[in-house]
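Student: Heads up: the sequence shown is residues 836 to 924, going by the numbering used here.
Please note that a few of the clues may not be correct.
[To be verified] With beta-carbon atoms standing in for the labels, derived distance ranges: (1) Ala915 <-> Arg870: 31 to 41 Å; (2) Asp905 <-> Glu858: 22 to 32 Å; (3) Asp842 <-> Leu921: 26 to 36 Å.
[To be verified] Each computed SDA-like pair below joins lysine to any residue, with the alpha-carbon atoms no more than 20 Å apart: (4) Lys909 <-> Asp890; (5) Lys909 <-> Arg923; (6) Lys909 <-> Arg873; (7) Lys909 <-> His872; (8) Lys909 <-> Gly879; (9) Lys909 <-> Asp884; (10) Lys909 <-> Gly876; (11) Lys909 <-> Val893; (12) Lys909 <-> Cys878; (13) Lys909 <-> Arg920; (14) Lys909 <-> Glu919; (15) Lys909 <-> Asp898; (16) Lys909 <-> Glu887; (17) Lys909 <-> Ser899; (18) Lys909 <-> Leu877; (19) Lys909 <-> Thr924; (20) Lys909 <-> Tyr885; (21) Lys909 <-> Arg869; (22) Lys909 <-> Leu921; (23) Lys909 <-> Glu894; (24) Lys909 <-> Phe891.
If you are wondering where the hints come from, they were derived from the structure by calculation, not from laboratory data. For each residue, glycine too, the CB sits at the ideal point set by N, CA and C.
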Amino acid sequence: TLGIDRDSAVLGAAFDERDPGVERFVAMSIEGCRRNHRHSGLCGEAPSDYPEYADFLVEQGIDSISVNPDALLKITLRVAETEERLGRT
836 TLGIDRDSAV LGAAFDERDP GVERFVAMSI EGCRRNHRHS GLCGEAPSDY
886 PEYADFLVEQ GIDSISVNPD ALLKITLRVA ETEERLGRT
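Given the sequences, and given the hints that come with them, work out the whole structure.
Tutor: In C-alpha cells form, the structure reads like this:
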C-alpha cells in the first residue's frame, strides 16, 4: 500500500517510516486485515533498521514481519520479548 525507493537520492531522505502519520496508516491497515480475517505482513527495512519498529508492529497485532538476514536473530528475540510482555505467548 506504500512504497518508496529508499535508495533514491531524491525520495529516500524525504520519507521516514517512523513518522506518526505513516505509523497510523500501518496500524489502520493491520486492524483492517484483522477485522476482515486477512493476513497482515510487512516487508521492508524498518524492522531491521529500527528494532523499536518491530515492537510497534507486534503491538499492533501484525501477523508476519520480514527482516534482513543479519537482523533475524535480534529481531526474533525482540518480537518474542514483546509478545511475552503483551501476554501473547
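Student: If a hint holds in the structure, say so; if it does not, say that too.
Tutor: Hints versus structure:
1. Checking the proposed 31 to 41 Å range against Ala915 and Arg870 shows it is violated: the Cβ atoms sit about 26 Å from each other.
2. Our hint of 22 to 32 Å for Asp905 and Glu858 holds, since their Cβ atoms are close to 24 Å apart.
3. The hint said 26 to 36 Å for the Cβ distance between Asp842 and Leu921, and at roughly 34 Å that hint holds.
4. Of the supplied pair hints, the one linking Lys909 and Asp890 holds, its CA atoms being roughly 12 Å apart against a limit of 20 Å.
5. A C-alpha spacing of about 19 Å is found between Lys909 and Arg923, which places the hinted pair at or below 20 Å, so the restraint holds.
6. The suggested pairing of Lys909 with Arg873 is violated, with an alpha-carbon distance near 27 Å, which exceeds 20 Å.
7. Simply put, Lys909 and His872 have alpha-carbon atoms about 29 Å apart, too far for the 20 Å limit, and the pair is violated.
8. Proposed proximity of Lys909 and Gly879 is supported: the alpha carbons are some 16 Å apart, at most 20 Å.
9. Note on Lys909 and Asp884: the hinted pairing holds, with a Cα-Cα distance of about 11 Å set against a maximum of 20 Å.
10. Distance restraint check for Lys909 and Gly876: the Cα-Cα separation of roughly 18 Å lies within the 20 Å cut-off, and the hinted pair is therefore satisfied.
11. About 15 Å separates the Cα atoms of Lys909 and Val893, which keeps this hinted pair within 20 Å; it holds.
12. Only pairs whose Cα atoms come within 20 Å are accepted, and Lys909 paired with Cys878 is accepted, the gap being roughly 17 Å.
13. At roughly 17 Å between alpha-carbon atoms, Lys909 and Arg920 fall within 20 Å of each other, so this suggested pair holds.
14. Between Lys909 and Glu919 the CA atoms are separated by roughly 15 Å; this keeps the pair inside 20 Å, and the hint holds.
15. Distance restraint check for Lys909 and Asp898: the Cα-Cα separation of roughly 18 Å lies within the 20 Å cut-off, and the hinted pair is therefore satisfied.
16. Of the pairs offered as hints, the one joining Lys909 and Glu887 holds, with about 11 Å between alpha carbons and a cut-off of 20 Å not exceeded.
17. For the hint pairing Lys909 with Ser899, the CA-to-CA distance comes to about 15 Å; that is within 20 Å, so the pair holds.
18. Proximity of Lys909 to Leu877 is assessed by CA-CA distance (about 17 Å); at most 20 Å being required, the pair is judged to hold.
19. Between the alpha carbons of Lys909 and Thr924 the distance comes to roughly 18 Å, so the proposed pair stays at or under 20 Å and holds.
20. Restraint check for Lys909 and Tyr885: satisfied, since their Cα atoms lie roughly 11 Å apart, inside the 20 Å limit.
21. Using a Cα cut-off of 20 Å, the hinted pair Lys909 and Arg869 is violated, with the two alpha carbons roughly 26 Å apart.
22. At most 20 Å may separate the alpha-carbon atoms for a hinted pair to count; Lys909 and Leu921 meet this at roughly 18 Å.
23. Pair hint Lys909 plus Glu894 holds up; C-alpha atoms about 17 Å apart against a cutoff of 20 Å.
24. For the proposed pair Lys909 and Phe891, the alpha carbon gap of about 15 Å is at most 20 Å, so the pair holds.
Violated hints, in rising order: 1, 6, 7, 21; the structure is consistent with all others.
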